[in-house]
Amino acid sequence: AQSVAQPEDQVNVAEGNPLTVKCTYSVSGNPYLFWYVQYPNRGLQFLLKYITGDNLVKGSYGFEAEFNKSQTSFHLKKPSALVSDSALYFCAVRAPPYKYIFGTGTRLKVLA
Amino acid sequence: DGGITQSPKYLFRKEGQNVTLSCEQNLNHDAMYWYRQDPGQGLRLIYYSQIVNDFQKGDIAEGYSVSREKKESFPLTVTSAQKNPTAFYLCASSNRQGGFQETQYFGPGTRLLVL
Chain W
1 AQSVAQPEDQ
11 VNVAEGNPLT
21 VKCTYSVSGN
31 PYLFWYVQYP
41 NRGLQFLLKY
51 ITGDNLVKGS
61 YGFEAEFNKS
71 QTSFHLKKPS
81 ALVSDSALYF
91 CAVRAPPYKY
101 IFGTGTRLKV
111 LA
Chain A
1001 DGGITQSPKY
1011 LFRKEGQNVT
1021 LSCEQNLNHD
1031 AMYWYRQDPG
1041 QGLRLIYYSQ
1051 IVNDFQKGDI
1061 AEGYSVSREK
1071 KESFPLTVTS
1081 AQKNPTAFYL
1091 CASSNRQGGF
1101 QETQYFGPGT
1111 RLLVL
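Chains W and A, in that order, give the protein sequences. Just so we're aligned, residue 1 is where the first sequence starts under my numbering, counting upward by one. Just so we're aligned, residue 1001 is where the second sequence starts under my numbering, counting upward by one.
No wet-lab data here; the hints were simulated from the structure. Note that beta-carbon positions come from the ideal geometry of N, C-alpha and C, so glycine has one too. Careful, some of the hints might be misleading.
Cut-off 25 Å, straight-line C-alpha distance, at most; resulting in silico cross-link-like pairs (PhoX-like, lysine-lysine) [to be verified]: (1) Lys99(W) / Lys1014(A); (2) Lys1070(A) / Lys99(W); (3) Lys1057(A) / Lys99(W).
To spell it out: a stretch of chain W is covered by chain A in this simulated footprint if at least three of its residues, at any positions, have a beta carbon under 8 Å from a beta carbon of chain A; those stretches are [stated by the list, open to error]: (4) 31-39; (5) 43-52; (6) 64-78.
Label pairs and their calculated CB-CB ranges [said to hold, decoys possible]: (7) Ser1007(A) / Tyr61(W): 22 to 30 Å; (8) Thr52(W) / Thr1077(A): 35 to 43 Å; (9) Glu1069(A) / Phe46(W): 22 to 30 Å.
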């Protein structure tokens, strides 16, 4: 069965430091992987996705994610965190046909 | 301005009452989805529809109903059978092109509260 795990409920990082939000997945076949961000009382905003190709995917707001097939991971990264990056982040995997499975979310807190 | 709209932003339900949440998209997407979000539980799929006049139950469909009479619209009704409806409800849509084009986009959400 397809599944997504976000092992950290919260990640704290100092402003200007690099950040990583972890995601591991279990899926049969080639994975379609996504990252979304959610601000309070708002819908999810699409950040980036991996479908195929280069393992390092670049997305919105300076975020990037690295697909690692052997470790079944798709960690979200940013070289220098901003206070405005503080939000709830969701990893998702597409489960054919046309269903999406989401992780439980990781709250990122960037400290000034 | 393309996107997904949800209304109302806040909705109050009285005990025993059915309420309907609206979701409209102008992205020309075939597939549409309803999710429920509770604190600490992420997103749970209620219903999804891949095409007009067809829809499938998700993981938590009990107490909910949907219709898909138009490509642009996918309303969700929270029935009186749903005993714990207080949550944030998110509508989403995606194209069916597959491959690199496929992405799911979300509306702004409706918060449902019980009086």
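For which of the previously enumerated hints does the structure constitute a violation, in increasing order of number? As far as the earlier hints go, 1, 6 are violated by this structure, in ascending order.
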